[in-house]
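Asks: The residues making up each chain are set out below.
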Amino acid sequence: MSTIEILPDAPAPPSKRAALLGSRSNTMIAAAFLGLALMSITRLITDEDALTSSQTIGTSLRVMVPILMAGIAALWAERCGVLNIGIEGMMILGTWFGGYFAWQYGAWAGLAMGIVGGMIGGLIHALATVRFGVNQTISGVVMNIFAFYGARYLSDLLFVGEQGGGVSQSPPQKSAIPKFDVPFLAGGDLFGWTTPDIFGWFEKKHWFLLGDIGGIGRGLTFNISWATAIALMTVPISFWLMWRTRFGLRLRSSGEAPSAAESLGVRVVPLRYAGLIISGGCAGFGGATMAVVASSYYRQGQTQGNGFIGMATLIFGNWRPTGVLAGASLFGYSLGIKLVANDSIPALFLFITFVAGALLIVSWYRKKVVGAITSLAAGALFFTAYLTVKDVPESLTQALPYVITLVVLATASQRLRPPAMAGVPYRPGETH
Amino acid sequence: MADEIKQSKLAIGADLSSGMHKISTPSKASGLRTGLITLASSLSAVVLALAICAVLLAVTGKNPWQAYSTILQTGTEGDKLLEMMKRATPLIFSATAVAVGFKMNLFNIGVEGQYLFAALIAAVVGSRINLPAPLHVTVILLVAMVAGAAWASIAAVLKVTRGVHEVISTIMLNYVALSVIQWLFENFFRDSGESGLNVKSDLIPPSGRMPDIVDDRLGGMFLVALLVVFLYWVLVFKSRFGFRLRSSGLNPGAARTSGIDANKMIVMSLLISGGIAGLVAMQSVVGEIYAYGPTATPTQLGFLGIAVALLGRHHPIGIVSAALLFGFLDSTSAQLQLAEIPSSIVKLIQAITVLTVVIINEATIRWLNKRTAEQTAATLIHNIEAEATAA
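Taken in sequence, the protein lines are chains Z and U.
The first sequence begins at 686 in the numbering used here and counts up by one.
The second sequence begins at 24 in the numbering used here and counts up by one.
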């Protein structure tokens, strides 16, 4: 029984950058640049400027936020050792609280109380699983059912009969969350002076690589809601709390080896409560952004399965905050491009063909036969798709995050490393 | 060893054996007593849920007494009793589907996707074939079961060959199913005659429709549901297959040692579960609207089925009683709305009941285990003392 399996990331990370991105940070940065270059080539060949336009990226960023928050919520829960199938339900609580308080007191109150709503869900899940030892999957499923009908009951009580309200939606909110443009990068105002829009200038030139950087950069800096900025901040904050503080080490240890942690004086039960309440808060915030930022009122079914996509990003991202961010970006982009430019999706097939080609070269040099054959087959498949498919049905692109997750689980599961004891009930003093 | 740990971790080790099945039944008498304790704990969970909802009603300015007496009065009228059975029918199917998986420690959250997929396929096949009456309905039901099992088989294959945990795969497959159904429906099976919210697939001809037991009140699917529950009882509790299934669920290691093929059991139980799930929407497909429709076909029944299965504790009688209780509550919602009580309170009662049931179940099991341990200890001490006196 190897120690490396039990202790997460046991060797001390060599640098901060490596710690954040994993041990092979240089490779990853190089891969990102190569991917960007391939994307740029694809754009120039197919003439589909929407692939990296600021509008596509901006929309992707907006739809990514709830997915990201659900992923971070799943991260906090599973890192402390409790599965959270109930994220969708906690997000529903977030949307309802967000909608109600945004209608009554304004958007910021909506966001704040959305977090509180999610925390209530997290606390119930913690009571059931940690205090009473209820099976974690069951408790999560019950949470989803409870939140759905709880929100419906509350709407029935408080929204029916109000102007614009009903059993399945709240009246519109009082105020909206302000948005901002970053000065110098996207032409934001600085003390009343309109700064130059650098990214925008590059985007309009459509040059190789620079045009794409302009488009992506402008999408990430132009017309950004403060709620989006807060959501993005949770990634480094979660990383710092979990991997750089004593609290985080203990929290992770209660997900990896609770009995061992307890024998060293770590109090697992309060830590799991804390982890689940933070998890619920993140999920609630994600839900609240859907009611307050992406929309202007609460609506039944607003969460649209984002809680489950969030769980998918956690698996895709190998139970790390940056991985969750990467997964949420990928899924957000696939949703964003569908909304902005559904016609450009076939161009992505060419991009995937290029990526498969790059992987083929890498596998060739490393003499990995299976990898080379797989890349070749995938490249051929997607190139055929690029040549033949002219219109991808919208209903099928919706399934993309879920299919990708299943493929990742089925093919790359040997590389995944979830917390060792996530999902296993733990009672203090009952060492297994 | 490390690999094994890794495998179990990858399975996101939802430990479903957390005491759900720890009660052993060595003799008939103690089995009866355990059954009574089970019944008492389920009933007390319902009572507790009603009490919590009463507090919620009172806090939100409604009279709980009035609400509950309305539920009780309207729910026990003759018509409403038929409606109760009608509303219970799909829940019986979905709860049984969940329970089959549970007996093997598999959590099939995918009933939702399986039954919607099956509903579309069965409705389309049913509308395109022509057979004499009894055969036509039977074929539609069989097609539904095969379609449900086929969708569940994806999760089974992923689990057996790639070790993907069924909780995650069935959640993902639910959403994949929704997309696939939407795509199939919009592109191939949509009946062009209707428009707007009423879109449906082609209608099933009269020979493929299930006759009603009581005209327009109760469809024949209720009897099919009872039959399926009976078969579930025979298959899982009385057959050799069921014994193997349950032993694999209770103690996978021991089952493997005694020569039971765990993978085969996983595939079988998921296929049976998916097959039963395929029947969930059949009351609507062959009994009410005679077609599949994105808005007309009921949704959420898969998740409510999990709730019913938990409340009924995966036992045939428990499942039927729990489904009837849920049906009873649902049947009163229209009357509640007239009495100015939010009708969604019945759904809230259901949700809170499940929450209290799982918590009280867990507490009861713990208490039973503790009591057994204490009794064993007491017997041991008694024996030792007796030996000491004898010596």
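Hints in this document: simulated from the structure, not taken from any laboratory.
Keep in mind that the hints are not guaranteed to be accurate.
[As the list claims (entries may be wrong)] A short, non-exhaustive set of chain Z residues, derived as facing chain U with CB atoms under 7 Å:
1) G791
2) T822
3) I823
4) Y838
5) V1074
6) A1084
7) I1089
8) T1090
9) A1097
Here a beta-carbon is modelled for each residue, glycine too, at the ideal position from N, C-alpha and C.
Asks: Which of the numbered hints are not met once you compare them with the structure shown?
Replies: 1, 5, 7 and 9
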